[in-house]
Every structure is written in structure tokens, then in C-alpha cells.
Amino acid sequence: EPEVTQTPSHQVTQMGQEVILRCVPISNHLYFYWYRQILGQKVEFLVSFYNNEISEKSEIFDDQFSVERPDGSNFTLKIRSTKLEDSAMYFCASTIQGNTEAFFGQGTRLTVV
Amino acid sequence: GENVEQHPSTLSVQEGDSAVIKCTYSDSASNYFPWYKQELGKGPQLIIDIRSNVGEKKDQRIAVTLNKTAKHFSLHITETQPEDSAVYFCAASDNTDKLIFGTGTRLQVFP
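Heads up: the protein sequence lines correspond to chains Y and L, in order. Numbering follows the numbering used here, with no gaps: position 59 of the first sequence is 59. Numbering follows the numbering used here, with no gaps: position 52 of the second sequence is 165.
Wrong hints could be hidden among the right ones.
Unchecked claim - Straight line, CA to CA, 30 Å or less: simulated DSS-like cross-link-like pairs of lysine-lysine: (1) L:K135 with L:K184; (2) L:K135 with Y:K57; (3) L:K171 with L:K150; (4) Y:K83 with L:K170; (5) Y:K83 with Y:K57; (6) L:K181 with Y:K42; (7) L:K150 with Y:K42; (8) L:K150 with Y:K78; (9) L:K171 with Y:K57; (10) L:K135 with L:K181; (11) L:K155 with L:K135; (12) L:K181 with L:K170; (13) L:K170 with L:K150; (14) L:K171 with Y:K42; (15) Y:K78 with L:K155; (16) L:K150 with Y:K57; (17) Y:K78 with L:K170; (18) L:K181 with Y:K78; (19) Y:K42 with L:K170; (20) Y:K83 with L:K135; (21) Y:K83 with L:K184; (22) Y:K83 with L:K181.
Everything labelled a hint here was simulated from the structure, so no lab data went into it.
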């Protein structure tokens, strides 16, 4: 069964450092998303991406965040200068078209120290 | 924007009993309501979904009901098994594609 894969599974970084979280969505999917989940809390939408541009972003997705699809398979989330409160599980998801089943990756646990 | 409330936050049932989780949403424009199961250390996995033109949907032991007028939808799991133990999230989506999640329900099924 096709799946969304994310790397790394766990990333520890110092406050102020840049991190890049990587995702390989399902190959025939066209819509890509990043969500985050702070420990013990609900999953929160960060950004959606379609046709090589951001479709929508939440208030959480400020100027420190950016997304990119550098080639035909990868989808990345960059946090320029990490803060302690960025510590969370980050999930990548993809859908074949809008408003349909979203497939989630296993997540990257980001710990900012 | 959309806000999704979910109850209860924890639910413990005996194996074989039924479990019901309820969600309410605020935005009448929402038209897609998926339910996700999240096991420890894994990403959310879709278990069932319903669209606003349907009142009920069933898939084996799992069913979802939707009341558009009252803006609430529910997940029903019958004949629960220990492997049903997980955190369950409801979500709502309008035509903007993003999912707004509820706060989650930790379901424990005791043998």
C-alpha cells in the first residue's frame, strides 16, 4: 500500500538553529500538507500546498516557516530559527485531490533545546 | 474559522461493548468529516469518513452519523476489541481542503 514517508523520525536542535523536515508524499497525489501536534494536544493545520504554491496557511505558519517541493518527489518544511515552542510532532500529509482522504506520514518529532 | 469540539477526552470500555465519540463543529460550510485513529508513535490513519449529503455510513464494526442541522457527528464502534485502543480524532473540512481536528479521545478497551 502506498504511504507517505517522513525523515528524520526524530530531530533534536538547538534554539535558533534552522531545521528542514522532509517528506515524500504518495506519488500520484497533488495536494500536500504539514500539520503539527504538540505533545498531548490536537493535530493543528500549518500549511497546504498545490501546484507549486501555498494554497493556505494558518496563523502558526509565520515568516519563520517555509515549504518547498524541490523536485518531483520531496516536500520539505523549513523552520529558519527554531524556538522552544516549536517542539512538536510534525506530520506531512497528501491527498489525490482536495477534500478527500488525507494520508499521513509517521511524523517527525522535533525537540528544540 | 471552523472549531471542532470532541467528547469525551477519555473512554474506557469492556471488550465487546460499544463506544461512542461525539463531535460538534461550528462552520456550516464544512462538508467533509473524517475520523482518524492514532496509535502510539504513529501518524493519524483514516478509519471512516462522511460527507454532508449523507446522514450515516457504516463499515463493518464502525459507523458514523451526521446531523447537519445540529452540526454534530458521532463515531460508533461496536463489539470493541483490545486492538481498538488508540486515540481517535474527528475532523471537519470545507472546500479549502485543510482539516480542523477535534481534541481527541483516548479509547481503552479492557479484555
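Each hint, compared with the structure:
no.: 1; hint: L:K135 with L:K184; verdict: holds (11 Å)
no.: 2; hint: L:K135 with Y:K57; verdict: holds (28 Å)
no.: 3; hint: L:K171 with L:K150; verdict: holds (16 Å)
no.: 4; hint: Y:K83 with L:K170; verdict: violated (43 Å)
no.: 5; hint: Y:K83 with Y:K57; verdict: holds (19 Å)
no.: 6; hint: L:K181 with Y:K42; verdict: holds (23 Å)
no.: 7; hint: L:K150 with Y:K42; verdict: holds (12 Å)
no.: 8; hint: L:K150 with Y:K78; verdict: holds (27 Å)
no.: 9; hint: L:K171 with Y:K57; verdict: violated (33 Å)
no.: 10; hint: L:K135 with L:K181; verdict: holds (14 Å)
no.: 11; hint: L:K155 with L:K135; verdict: holds (23 Å)
no.: 12; hint: L:K181 with L:K170; verdict: holds (14 Å)
no.: 13; hint: L:K170 with L:K150; verdict: holds (17 Å)
no.: 14; hint: L:K171 with Y:K42; verdict: holds (25 Å)
no.: 15; hint: Y:K78 with L:K155; verdict: holds (22 Å)
no.: 16; hint: L:K150 with Y:K57; verdict: holds (24 Å)
no.: 17; hint: Y:K78 with L:K170; verdict: violated (39 Å)
no.: 18; hint: L:K181 with Y:K78; verdict: violated (39 Å)
no.: 19; hint: Y:K42 with L:K170; verdict: holds (25 Å)
no.: 20; hint: Y:K83 with L:K135; verdict: violated (35 Å)
no.: 21; hint: Y:K83 with L:K184; verdict: violated (37 Å)
no.: 22; hint: Y:K83 with L:K181; verdict: violated (41 Å)
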